[in-house]
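Chemist: Position chains B and C against the provided structure of chain A, taking the given hints into account.
Line by line, the protein sequences are chains A, B and C.
The first sequence runs 1 to 170 under the numbering used here.
The second sequence runs 1001 to 1233 under the numbering used here.
The third sequence runs 2001 to 2074 under the numbering used here.
Check before you lean on any hint, since a few could be wrong.
Residues of chain A clear of chain C, computed beta-carbon distances all greater than 10 Å [what the hints assert, rightly or not]:
#1 Leu23
#2 Gly69
#3 Thr73
#4 Leu145
#5 Trp148
#6 Ile164
#7 Met166
Below, in silico cross-link-like pairs of lysine to aspartate or glutamate (EDC-like), each with a Cα-Cα straight-line distance of 20 Å or less [unchecked claim]:
#8 Lys1010(B) x Glu2064(C)
#9 Lys1010(B) x Asp2058(C)
#10 Lys9(A) x Asp2007(C)
#11 Lys2036(C) x Glu1016(B)
#12 Lys9(A) x Glu1014(B)
#13 Lys2054(C) x Glu1007(B)
#14 Lys2073(C) x Asp2058(C)
#15 Lys1010(B) x Glu2051(C)
#16 Lys106(A) x Glu2051(C)
#17 Lys167(A) x Glu2023(C)
#18 Lys1011(B) x Glu2023(C)
#19 Lys163(A) x Glu2023(C)
#20 Lys1032(B) x Asp2058(C)
#21 Lys1032(B) x Asp2063(C)
#22 Lys1010(B) x Asp2063(C)
#23 Lys2036(C) x Glu1014(B)
#24 Lys1093(B) x Glu2048(C)
#25 Lys104(A) x Glu2023(C)
#26 Lys104(A) x Glu2048(C)
#27 Lys1032(B) x Glu2064(C)
#28 Lys106(A) x Asp2007(C)
#29 Lys101(A) x Glu2023(C)
#30 Lys9(A) x Asp1018(B)
#31 Lys2002(C) x Glu1007(B)
#32 Lys1010(B) x Glu2061(C)
#33 Lys2026(C) x Asp2007(C)
#34 Lys1011(B) x Asp2063(C)
#35 Lys2036(C) x Asp1018(B)
#36 Lys106(A) x Glu2064(C)
Hints listed in this document are in silico derivations from the structure and should not be mistaken for laboratory results.
Backbone N, C-alpha and C define an ideal beta-carbon position, used for all residues, glycine too.
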Amino acid sequence: MRVYQKVFKNPWSYMIGGGILALLNILLLAATGTPWRVTGGFFYWGIWLFETFGVMVNTDISGVYDGLGPSETLLFNTVSILNLSVILGAMLSALSSNEFKRRKIKNKKQLIVGISGGFLMGYGARISFGCNVGSVFSGIPSFSLHGWIFWIFLTIGAYIGAKILMKYLL
Amino acid sequence: MSTSRIEELKKRREMERDKHRVDVRRPNTQIKYALILLGILLFLGVLFARRDELYLWIWPIGILLGFSMERSRFCFAASLRNPFTLGTTGLLKAVIVSLMISSVGFFVLQQLSIGGETYLVEELPGMIRPFGIHTVIGGLMFGLGMVVAGGCASGTLMRVGEGFTLQIFVLGGFIMGAVVAGLWHEDFWRNLLFHGGWTVYLPDFVGFYPALFLQLSILGILYILVNQIKLKV
Amino acid sequence: MKEIYLDCMYEVCPIPLIKASKELKKMEIGDLLIMKTDHNCSITNVIEWVEKQKLKMDYVEIDEGEWEIYIEKT
Chain A
1 MRVYQKVFKN PWSYMIGGGI LALLNILLLA ATGTPWRVTG GFFYWGIWLF
51 ETFGVMVNTD ISGVYDGLGP SETLLFNTVS ILNLSVILGA MLSALSSNEF
101 KRRKIKNKKQ LIVGISGGFL MGYGARISFG CNVGSVFSGI PSFSLHGWIF
151 WIFLTIGAYI GAKILMKYLL
Chain B
1001 MSTSRIEELK KRREMERDKH RVDVRRPNTQ IKYALILLGI LLFLGVLFAR
1051 RDELYLWIWP IGILLGFSME RSRFCFAASL RNPFTLGTTG LLKAVIVSLM
1101 ISSVGFFVLQ QLSIGGETYL VEELPGMIRP FGIHTVIGGL MFGLGMVVAG
1151 GCASGTLMRV GEGFTLQIFV LGGFIMGAVV AGLWHEDFWR NLLFHGGWTV
1201 YLPDFVGFYP ALFLQLSILG ILYILVNQIK LKV
Chain C
2001 MKEIYLDCMY EVCPIPLIKA SKELKKMEIG DLLIMKTDHN CSITNVIEWV
2051 EKQKLKMDYV EIDEGEWEIY IEKT
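Isolated chain A (complex conformation):
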């Protein structure tokens, strides 16, 4: 019972979490040849959605498929499955510590701000070839300069965002 408390109930420290994430990323790279990345999967999901709902009749999307491997589809590929597994892993953690809860949206303002923030993230991640995971978490350890530069401007962007948050969203 005490093991349950320690592992599943009490939160782990940030350092331990960070250490485990680093080790898992190394393992992922060793086993599959690519490290952790996230945004590519969202892009594929988006393309799939648009295709399914017939939004892009005139746009040429054949280039999108170049990135997919022989047994991969827009919904079923290494990045997308990785993203799905992360969501479910987090869900497993929440359930096993009795902390899962359907947390509703508070008001319209929160929703609009959230979607806009998400849009900014998706756009920014896509044009710079990676998000916080792909560029910083995997890019910096790969000794690629783009990771550092992204991290620096991420910090500046976060600073601006924090100021906006304090001033207008409180």
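Modeler: Just chains B and C now, with coordinates in the frame of chain A:
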């Protein structure tokens, strides 16, 4: 950590809660759902692994990534936002240490893949990409977006798993942004980049071991600085 | 010796803690702040922040994924 008054309140509240629980429901009800989910995950894992061996690794590692993030409340967005809004730097320090560990691990893997011969940067394991004006603008946009939306890419995934309805919509916005940028605006950004950006693989410039030493040193110095600076909020 | 209630349910972090820190600035010594939140990262945030500010706190999980945090200004 607490005072006697707080202790009293806490005890009172706990008694209230437990009474309500005995009346209405039993504690620890979610464990059974966790076990059901675990069973589903195992089943799916087997299914996916049969499609491609890679998923034998990707699936469990991803689950552990999500699990560990949720257990440790690890949010990358918070690591950069908390120093500015609250003055706390615990997460940022953890991120720095995490990067140091990964750097060593990735270094070893890159060395193993090169094996003493010549190499092409494009074929090295890891995420090595060109940087340019797109990195600058992309970083600013992402930084702003993540603080305002309440989470970064990994944080959003984590919170969708925790049950936050808002994050599902954030994810929707994320997907939209990625598609707009990656599809309709792709040509604009490609033309904006001079020579397609510069790909800088640090060891190309200073050598392998110097690059490792340099990176670890910079991260180490960052850690010390972050630790010392008491940010005024 | 007042008790101040702060309802932060359904708020995204860091809003709960920022609201709390604003309230605490206005409070006098001996006052107690009671926060309700359903964001688990707020708990860890609060613990870290309270340690820095040298305040006293504790928390109770009152339901699945919901917590009440008690912070006393000392």
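Chemist: Confirm or reject each hint.
Modeler: Here is what the structure says about each hint:
| no. | hint | result |
| --- | --- | --- |
| 1 | Leu23 | holds (21 Å) |
| 2 | Gly69 | holds (36 Å) |
| 3 | Thr73 | holds (34 Å) |
| 4 | Leu145 | holds (31 Å) |
| 5 | Trp148 | holds (26 Å) |
| 6 | Ile164 | holds (13 Å) |
| 7 | Met166 | violated (7 Å) |
| 8 | Lys1010(B) x Glu2064(C) | holds (17 Å) |
| 9 | Lys1010(B) x Asp2058(C) | holds (8 Å) |
| 10 | Lys9(A) x Asp2007(C) | violated (24 Å) |
| 11 | Lys2036(C) x Glu1016(B) | holds (15 Å) |
| 12 | Lys9(A) x Glu1014(B) | holds (17 Å) |
| 13 | Lys2054(C) x Glu1007(B) | holds (17 Å) |
| 14 | Lys2073(C) x Asp2058(C) | holds (12 Å) |
| 15 | Lys1010(B) x Glu2051(C) | holds (19 Å) |
| 16 | Lys106(A) x Glu2051(C) | violated (29 Å) |
| 17 | Lys167(A) x Glu2023(C) | holds (16 Å) |
| 18 | Lys1011(B) x Glu2023(C) | violated (24 Å) |
| 19 | Lys163(A) x Glu2023(C) | holds (19 Å) |
| 20 | Lys1032(B) x Asp2058(C) | violated (29 Å) |
| 21 | Lys1032(B) x Asp2063(C) | holds (17 Å) |
| 22 | Lys1010(B) x Asp2063(C) | holds (14 Å) |
| 23 | Lys2036(C) x Glu1014(B) | holds (14 Å) |
| 24 | Lys1093(B) x Glu2048(C) | holds (13 Å) |
| 25 | Lys104(A) x Glu2023(C) | violated (25 Å) |
| 26 | Lys104(A) x Glu2048(C) | violated (26 Å) |
| 27 | Lys1032(B) x Glu2064(C) | holds (14 Å) |
| 28 | Lys106(A) x Asp2007(C) | holds (12 Å) |
| 29 | Lys101(A) x Glu2023(C) | violated (27 Å) |
| 30 | Lys9(A) x Asp1018(B) | holds (18 Å) |
| 31 | Lys2002(C) x Glu1007(B) | holds (16 Å) |
| 32 | Lys1010(B) x Glu2061(C) | holds (10 Å) |
| 33 | Lys2026(C) x Asp2007(C) | holds (17 Å) |
| 34 | Lys1011(B) x Asp2063(C) | holds (15 Å) |
| 35 | Lys2036(C) x Asp1018(B) | holds (17 Å) |
| 36 | Lys106(A) x Glu2064(C) | holds (18 Å) |
Consistency with the previously given hints fails for numbers 7, 10, 16, 18, 20, 25, 26, 29, ordered from lowest to highest.
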